[in-house]
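J.: So the sequence lines, in the order shown, correspond to chains B, L, R and Z. According to UniProt numbering, the first sequence is numbered sequentially starting from 1. According to UniProt numbering, the second sequence is numbered sequentially starting from 1. According to UniProt numbering, the third sequence is numbered sequentially starting from 1. According to UniProt numbering, the fourth sequence is numbered sequentially starting from 1.
What the hints contain is simulated information worked out from the structure, not anything from laboratory work. If you're wondering where the values come from, they're calculated on a predicted model, not measured in any experiment. Mixed in with the good hints, there may be bad ones.
Said to hold, decoys possible - Below, in silico cross-link-like pairs of lysine-lysine (DSS-like), each with a Cα-Cα straight-line distance of 27 Å or less:
1. Z/LYS63 <-> L/LYS63
2. Z/LYS115 <-> R/LYS115
3. L/LYS53 <-> Z/LYS53
4. R/LYS47 <-> L/LYS63
5. L/LYS115 <-> B/LYS63
6. Z/LYS115 <-> Z/LYS53
7. L/LYS63 <-> Z/LYS53
8. B/LYS53 <-> Z/LYS63
9. L/LYS63 <-> B/LYS63
10. L/LYS136 <-> L/LYS115
11. R/LYS136 <-> R/LYS115
12. Z/LYS63 <-> R/LYS115
13. Z/LYS63 <-> Z/LYS115
14. B/LYS63 <-> Z/LYS136
15. R/LYS53 <-> L/LYS63
16. R/LYS63 <-> R/LYS136
17. L/LYS136 <-> L/LYS47
18. R/LYS63 <-> Z/LYS115
19. L/LYS53 <-> Z/LYS63
20. L/LYS53 <-> R/LYS136
21. Z/LYS63 <-> Z/LYS136
22. B/LYS47 <-> Z/LYS47
23. L/LYS115 <-> L/LYS63
24. B/LYS136 <-> L/LYS115
25. Z/LYS63 <-> R/LYS63
26. B/LYS53 <-> B/LYS63
27. Z/LYS115 <-> R/LYS136
28. Z/LYS136 <-> R/LYS115
29. Z/LYS53 <-> B/LYS53
30. L/LYS53 <-> R/LYS53
31. L/LYS53 <-> R/LYS47
32. Z/LYS47 <-> Z/LYS63
33. B/LYS47 <-> Z/LYS63
34. L/LYS63 <-> L/LYS136
Unchecked claim - Between beta-carbon pairs, the in silico distance windows are:
35. L/GLY129 <-> Z/LYS53: 23 to 29 Å
36. B/GLU72 <-> R/GLY54: 54 to 60 Å
37. R/ARG143 <-> L/ALA127: 52 to 58 Å
38. L/ARG143 <-> R/SER57: 48 to 54 Å
39. L/GLU65 <-> Z/GLY62: 20 to 26 Å
40. Z/PHE161 <-> L/GLU65: 54 to 60 Å
The beta carbon of each residue, even a glycine, is placed where N, CA and C say it ideally should be.
Number of protein chains: 4
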Amino acid sequence: MRSEIGPDGQKSRSFIEDARRAQIVAAAVEVIAEVGFAQASLARIAKRAGISKGLISYHFAGKDELMVEVVERTYGAIVERVVADMQGVESARQLLRTQVMSVAGYMRGHRSELKALGEIFGNLRDADGGLHYGIKSNEEIYRALEQIYRFGQSTGEFREFDVRVMAVTHSASVDAMFGYWAANPDHDLEAHARHLADLLERACVT
Amino acid sequence: MRSEIGPDGQKSRSFIEDARRAQIVAAAVEVIAEVGFAQASLARIAKRAGISKGLISYHFAGKDELMVEVVERTYGAIVERVVADMQGVESARQLLRTQVMSVAGYMRGHRSELKALGEIFGNLRDADGGLHYGIKSNEEIYRALEQIYRFGQSTGEFREFDVRVMAVTHSASVDAMFGYWAANPDHDLEAHARHLADLLERACVT
Amino acid sequence: MRSEIGPDGQKSRSFIEDARRAQIVAAAVEVIAEVGFAQASLARIAKRAGISKGLISYHFAGKDELMVEVVERTYGAIVERVVADMQGVESARQLLRTQVMSVAGYMRGHRSELKALGEIFGNLRDADGGLHYGIKSNEEIYRALEQIYRFGQSTGEFREFDVRVMAVTHSASVDAMFGYWAANPDHDLEAHARHLADLLERACVT
Amino acid sequence: MRSEIGPDGQKSRSFIEDARRAQIVAAAVEVIAEVGFAQASLARIAKRAGISKGLISYHFAGKDELMVEVVERTYGAIVERVVADMQGVESARQLLRTQVMSVAGYMRGHRSELKALGEIFGNLRDADGGLHYGIKSNEEIYRALEQIYRFGQSTGEFREFDVRVMAVTHSASVDAMFGYWAANPDHDLEAHARHLADLLERACVT
DNA sequence: AATGAATGAGGGTTCATTCAT
DNA sequence: AATGAATGAACCCTCATTCAT
Numbered sequence: 001m002r003s004e005i006g007p008d009g010q011k012s013r014s015f016i017e018d019a020r021r022a023q024i025v026a027a028a029v030e031v032i033a034e035v036g037f038a039q040a041s042l043a044r045i046a047k048r049a050g051i052s053k054g055l056i057s058y059h060f061a062g063k064d065e066l067m068v069e070v071v072e073r074t075y076g077a078i079v080e081r082v083v084a085d086m087q088g089v090e091s092a093r094q095l096l097r098t099q100v101m102s103v104a105g106y107m108r109g110h111r112s113e114l115k116a117l118g119e120i121f122g123n124l125r126d127a128d129g130g131l132h133y134g135i136k137s138n139e140e141i142y143r144a145l146e147q148i149y150r151f152g153q154s155t156g157e158f159r160e161f162d163v164r165v166m167a168v169t170h171s172a173s174v175d176a177m178f179g180y181w182a183a184n185p186d187h188d189l190e191a192h193a194r195h196l197a198d199l200l201e202r203a204c205v206t
Numbered sequence: 001m002r003s004e005i006g007p008d009g010q011k012s013r014s015f016i017e018d019a020r021r022a023q024i025v026a027a028a029v030e031v032i033a034e035v036g037f038a039q040a041s042l043a044r045i046a047k048r049a050g051i052s053k054g055l056i057s058y059h060f061a062g063k064d065e066l067m068v069e070v071v072e073r074t075y076g077a078i079v080e081r082v083v084a085d086m087q088g089v090e091s092a093r094q095l096l097r098t099q100v101m102s103v104a105g106y107m108r109g110h111r112s113e114l115k116a117l118g119e120i121f122g123n124l125r126d127a128d129g130g131l132h133y134g135i136k137s138n139e140e141i142y143r144a145l146e147q148i149y150r151f152g153q154s155t156g157e158f159r160e161f162d163v164r165v166m167a168v169t170h171s172a173s174v175d176a177m178f179g180y181w182a183a184n185p186d187h188d189l190e191a192h193a194r195h196l197a198d199l200l201e202r203a204c205v206t
Numbered sequence: 001m002r003s004e005i006g007p008d009g010q011k012s013r014s015f016i017e018d019a020r021r022a023q024i025v026a027a028a029v030e031v032i033a034e035v036g037f038a039q040a041s042l043a044r045i046a047k048r049a050g051i052s053k054g055l056i057s058y059h060f061a062g063k064d065e066l067m068v069e070v071v072e073r074t075y076g077a078i079v080e081r082v083v084a085d086m087q088g089v090e091s092a093r094q095l096l097r098t099q100v101m102s103v104a105g106y107m108r109g110h111r112s113e114l115k116a117l118g119e120i121f122g123n124l125r126d127a128d129g130g131l132h133y134g135i136k137s138n139e140e141i142y143r144a145l146e147q148i149y150r151f152g153q154s155t156g157e158f159r160e161f162d163v164r165v166m167a168v169t170h171s172a173s174v175d176a177m178f179g180y181w182a183a184n185p186d187h188d189l190e191a192h193a194r195h196l197a198d199l200l201e202r203a204c205v206t
Numbered sequence: 001m002r003s004e005i006g007p008d009g010q011k012s013r014s015f016i017e018d019a020r021r022a023q024i025v026a027a028a029v030e031v032i033a034e035v036g037f038a039q040a041s042l043a044r045i046a047k048r049a050g051i052s053k054g055l056i057s058y059h060f061a062g063k064d065e066l067m068v069e070v071v072e073r074t075y076g077a078i079v080e081r082v083v084a085d086m087q088g089v090e091s092a093r094q095l096l097r098t099q100v101m102s103v104a105g106y107m108r109g110h111r112s113e114l115k116a117l118g119e120i121f122g123n124l125r126d127a128d129g130g131l132h133y134g135i136k137s138n139e140e141i142y143r144a145l146e147q148i149y150r151f152g153q154s155t156g157e158f159r160e161f162d163v164r165v166m167a168v169t170h171s172a173s174v175d176a177m178f179g180y181w182a183a184n185p186d187h188d189l190e191a192h193a194r195h196l197a198d199l200l201e202r203a204c205v206t
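Given these sequences and hints, build the entire structure.
T.: Structure representation (structure tokens):
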């Protein structure tokens, strides 16, 4: 393993080191998106990246660490975008719509990332056999969505309902939208997002 | 390969043969539910069933045939139950609620089956590399749900909306409910189902 | 194992037992001829015979014993025929020709046996890894052929030469004739046999 | 798979890679010669070579590729030698003798190769179940031998006869010589070769 | 006499990982 | 920093053999 803990408590990596990791992560995303998690061997990823198999092991402690980094780099970018889009929006209804439309908009240009994330979330497991990104890894998302819904309830925009159920439903509906789109490339993602936002909104208002 | 096609065009198996297959399928369901599709090796399944690895090969032409039978036996039972519960229900709103509550009720006692089905649907691949249960596995469900929604629209119970988006959302919401429940065993599944039915209904009515 | 040693020192088997063994041997011959020794599993042979796998093990101590019996039954029939045809022939040249033509004539109607014999001779091995029917098993044939050639030399029909080399060559030439014919079914076996007899004869006479 | 096609259309391999392949091929030859094709497992070959089983898979795409390479490396060397020895020989009778003596001479030091070749020719099968080196493997030899005989007929050295039968007989006689010698190590191979050449020659001349 | 069920060893292959260079 | 060679474990599958019925 190359990365070391620097004096600031952060992982410190050379520029070249970071570039290699990024390159490997990008190759991993493509391969996973194309052939699925199970078939995404290090050999395949290395070939796609145009490097040797050993180099991946050199830069990553193991396959798991690579997968985690794929998630971190990919997922981080999405969150960044969505949070930016929601900045300044004031009504709960608009926040809800914005969340759905924003993530849909971002994903339209990042289909491979979407597919890869789904594969990793659903397949990457810890040593104990449990999913590394279990439903628990959604907790963060649920909390964020619950904030929106609770906010809407506090302003009177939304009726009373179980916000956790709503958050789970919301999250799953968005994921399913992507899943359907991934399976049906001709599907109109934006229209789906608009319809979905409508459904969610109607389910909340009085 | 054990099974053969009898004169009636049905698979004809001895009682003992069928019992073994059922036992192996049951073990497979448990193992897949616990450790996921990729880690569900025949060795693991055999050990769980308390039999030798070779015996699985004796009763099934291959791992794929076993997986397909897991789906057939498990999925068939669910559909049977839900269809039975929906028999005689007349309003679209009640059909919708019944569907959600019925499958939730059934699943409460069949958590492993649920998990295993999801794993197989998402991972079992054909020789060509494509998912064996691709879109088709959901397509069937989508069609069934669309019927309910279209029926509601025809009677005026439901407003106009895109039934495919609704079906995808509905299906995913139910799945997510199970997923959440699987990850949080103390979660109140029935209450969740009731809340979810409310949300779906409100999203549909005028 | 069923067979037992009777009071006369011969293996005594019931009629039904013998019939079963014959049936299994026949099936083995067909299967070996079709798919080769390595692919001729007991399962395949049993299926061909229309019986269960276990029954073969019931009648034969093991696969090896079955193979040995295939050879005995098949090979014995050939020898019987050839010996009969050579009865009464008086000149060495005629004996030589008769031997070649007789075995060729017999084989024309017993291609499967021919193929199976070749497969077993070339592949059946003892526990020590050595061929069960090695070149040594040809010794019997060599001796018989040497008799012919030595007889010819004693009568002055044939010149002096190394009879062992001649016997080895003769035997191999006949085998190769069958091998070529087995690979080229349209090949004229009888013409080949005539030509071969000519060659052998010319090689011997002064 | 290691080997790749270089810019010159030739397989380009590193020195070390080629050495390993040669080592593995050598081990395969020995094992096949000793225990036969069917028992020559990769595990056995690897153990003989003093390497791990996986390394064979690393250097060869599969067992079949290894077997093909065994044939290529081994068979090529024989042909090279024999062709060289026959260079410049002018009479058909001398060509015939030279062929027999040359291959016999070469084989004296390459018994295992001979055995291994025979095993592979007779057992290596394609996916469709047919022998990979079927008639074709002999056909090449037959053609070459026929040339000699036809040449002799054209010069009047040899009488008229069926050259294909002669070629088949010639080839089989040489093979049998090796087989006999392999089974009887004390046998005088060179004398046998000389006698055989005599026989073949006498069979051809007027 | 005959079956079907069951085992266990061994087959070839894939793959993450390690390591010398 | 990077490679290619090498390992060993685990994978699915085949098969001769055994055994209760």
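J.: In ascending order, which of the hints set out earlier in this document are inconsistent with the structure?
T.: When the structure is compared with the hints, numbers 14, 17, 20 and 22 turn out to be violated.
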